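Novice: Sequence:
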Amino acid sequence: MRTKVVLRVVAALTIAGFLTAFGWDRTGLTRFRWRHAILSANFLASFEKKAPVKRVAKSETWHYKTAAHPVEVFGSAPQQQRWVDSVFRTLTQEQKIGQFFMVATFSNRDEAHYQYIETLVRHYNIGGLIFFQGGPYRQAVLTNRYQAAANVPLLIGIDGEWGLGMRLDSTMDFPKQMTLGAIRDTAVVYRMGAEIGRQCQRLGIHINFAPVSDINSNPSNPVIGNRSFGESRENVALKAAAYMKGLQHRRVIATAKHFPGHGDASTDSHITLPTINRSVAQLNDIDLYPFRKLIADSLMGVVTGHLHVPVVDNTPRLAATLSEKIVTDLLKKELGFRGLVFTDALNMAGIGKLPAEEINLRALMAGNDVLLYPENVPDAVHKIASAIEQGKISQELIDEKVRKILRAKYWAGLNKYQPIALENLSRDLNSSEAQLLKQELCEQAVTLVKNTNNILPVNTLDTLRLASVSIGTDYGNTFQKMLGRYAPFKQLTYGEKPSGDHSVEEMLSQIGDANLVVVSFHRMSPSARWSYGVTNASLSLINRLKQRGIRVIVCAFGSAYALRPFVNTEADAVLCAYEDGEEMQRVVPQVLFGAVPARGVMPVTIGDWKFGNGLFTAPNQRLAYSLPESVGMRSGQLRHIETVIQKAIRDRAFPGCQVLVARKGKVVFDKSFGNLAYNNAERVTDETLYDLASLTKVVGTLQAVMILNERGAIDLNQKVAYYLPEFQNSSKRNMTVSDVLLHQTGLPAGLPRAVDRAKALVTADFRSGRDSLHALQVGPALFAAPALRDSIWQWIVRTPLTGRPDEAGRYGYLYSDLSFVILQKLVERVSNQPMDAFLNETLYKPLGISTLCFNPLYCKPGSRIAPTEQDTYFRHSLLQGTVHDQLAALQGGISGHAGLFGNATDIAKVLQMNLQRGNYGGSRFLMPGTVPLFVRTQSDRSHRVLGWDKPEVDGNSVYHANQVSPRSFGHTGFTGNVIWVDPDYDLVFIFLSNRVHPSAANTLINTQKIRRQIHEIIYQSM
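According to the numbering used here, the sequence shown is numbered sequentially starting from 57.
None of these hints come from the bench; they were simulated from the model.
Note that this is a predicted model, so its numbers are computed, not measured.
Some hints could be false.
27 Å max Cα-Cα, derived BS3-like pairs, lysine-lysine [to be verified]:
| hint | residue 1 | residue 2 |
| --- | --- | --- |
| 1 | LYS460 | LYS720 |
| 2 | LYS1065 | LYS727 |
| 3 | LYS472 | LYS460 |
| 4 | LYS1006 | LYS727 |
When you get a sec, could you build the whole thing from the sequences and use the hints?
Specialist: What follows is the structure in structure tokens.
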């Protein structure tokens, strides 16, 4: 006997320690109380001889004990009791009975339905309503209407397991519980519960029928599945407790369901009565475990399940909902639950085929407090009243239940009921903070289960030829769009899932010469019966790709169980995304490319991928995509950018633009506005290419100079004539590389009369079309012999300097395009290759850049390119894809000072790499000291540094905010562009437009200081 006592005490201590280890704080332990721990230890000891666990045997029965000191969850403050008593005394018998009913209602029905609900509220004093389909505004209006009609304020409930979006349009849905089961950080689940609670509060909801506390021990469970946190009792208990606490800390009653555990069901209780064939030990050790933990930790509601559990109550075909042994003896007496007990919906087929009024009565007699989704309320009220008169139910029991419901109403704040404020309802329910939380949940859930040779994250891009095959989705899906932000992909989309060898052969032929393929599966089935929506042909594609030596990454946008078809494939990497929503489709590419780490773990076991398994990856300093709030900025403030831009477009300052803001390594604002042209209905998108004009200097030429400088191939203090001997006998023989970068050489701003001289030189040789002798494109329909480029260079060499040097032989500052034409020639001589090729090989391709290029018409659709000027002087045509700058055009579109085209996404990669001192995507492009050297003040003759522009000190800038730090740097482009980097704020700003369309004489962008306004809004948002 003494041995047994010792064993039980040890068990009690172990349980207490276990609770602490899994996150229950001292408050939780106090509520649980040591007596509960000892009771549980005694309870477990009574079954210790029954190991190993087995299926239920006829001889097994449940033995009940009364829990010591059950937790009073709704409190018992004097003021609460006074309110409860005052309301209770006003109720007639029928009004008391009415409090037990929580009737289903909808906000998308007709007036007849609304009047019927209002009748139940007025004449039967029903205790509450559970809203299903509809919309938030309509629901708020109806809630106010019904509350105004109520004698006692109504408890309003919703079945929102993954948020209001589970039931209502235009509201948020958060990840399902199995997705949350993959998250290691339980605190973020608490935050989700609190946010759902906040939204419920805002919409006048007092009860959320969540969390599902079932342990999904049966992978074929047709009704629970991804509604469960998973297969581990500890994980389910921890996550359910976090969700519960979040709700209840927002004064929203949480309900654990479906008692005593729906996880081992093999049928759907909506259409039949499942039988749970558990043994006593299994039921206690597995299914009841989360309920026991939650009850010990302030759980306020429990939903009983339509389940037949013969080990507890072997009455044939009796649902737990109607079983006194389960509801009263097990839940209330054995486990000590003192909160509200709700039935599952009483319209479900699993409850049985008794008349509705009989079902309601028997549910109440079993011990339930609230009858959820009842049918035939008037007859049910009469039936219950008759049962009281006949002594089938005691008046004391009725009164106790009513008082408990009133205590819950007081706790929920209904003693001080206020109607729902309708103003700004949609905005409040869909806050930026809530959107950010949803993204964070998705980021933390993504689970990498296979990663051969650490193929993920994808770091080195320069040797990759990438393809994406998305199966079961539509063209233009979010996943492939996001992939394209990180690297150029050949994108193939198959809405119809492939079947047969012919389909596989066709897909293989379209993939071409790719050496890494991302195969993503969408619209997956939750059913093993349908192979989770994965066809044999899809699996064959993976293996055939591997046979060709192609590396394959599989992304499954389905539940954890949907990984089963991929267990035996030869894929190099397998990643589970759990859900197929847009947020997850945005997150997964970020995980693949290392912008976001893989952190999730398996919530269930699939083959060799066991519960708790999950391969982690480290972030590699690639740009991620998030919301402003993630980096300490305010979305509401940034929305003012749109106001400024829409006005600018109306004023015809420019027809359209792109704006990108990145902070702390995250793109938090990336939007396109307007059209390509005033008379063109095609909208600007993030794929639109703009003529970058002088941004070419710093995004192109300067990057090449920095790379060659740190390689030792270029010395900034060396004379340019050392690298370009043709300057040795000219007036430019003494200028140094740093002088050229600082625009302190005496060079003129441009090449005087270059166009006129070119026209005079080769007028007879210009052609309207390209041929073997005229391959240099000068305009849309204007071609010249390549020798023109050499002529331009000779004119630059011979062009005299302007102004006079000071006594020290130094020239003052004069911004000159010729400086960067010279630097281009220097780069090409030193690297022994064209500058565009050098940039592609050493920088653009390794960065995953696909749009930054010269002469984009050679490789990009012209329809993607924003037009610039209608040239009436030289080229006599609309310039769209041909460089606007005339000097660059005379060089065939490739020059050191202008000629680059691109979009904001790719420019951001270059600027972020510079901000991160040369590091990006797991690769180092520049040494840590290079960028600081080039942005450091070098001269007292101007605000310029080596290649970059710096803040204007007089505060009159038309393109940057006054709030910029002294360490910031950037550049502008004549066509209407600005880029600005601020290390002090870890901030990147990009604005691209075609303000010169249709005429370069349009200067509204400067006179209205539009770019400065936008930049100031960005600083004000921090």
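Novice: It remains to establish, for every hint, whether it holds in the given structure.
Specialist: A quick look at each hint next to the structure:
For a cut-off of 27 Å, the pair hint linking LYS460 to LYS720 is broken: about 51 Å separates their Cα positions. Under the criterion of a C-alpha separation no larger than 27 Å, the hint pairing LYS1065 with LYS727 is consistent with the structure, at around 20 Å. Restraint check for LYS472 and LYS460: satisfied, since their Cα atoms lie roughly 18 Å apart, inside the 27 Å limit. A hinted pair counts as satisfied when its Cα atoms are at most 27 Å apart, and LYS1006 with LYS727 qualifies at roughly 26 Å.
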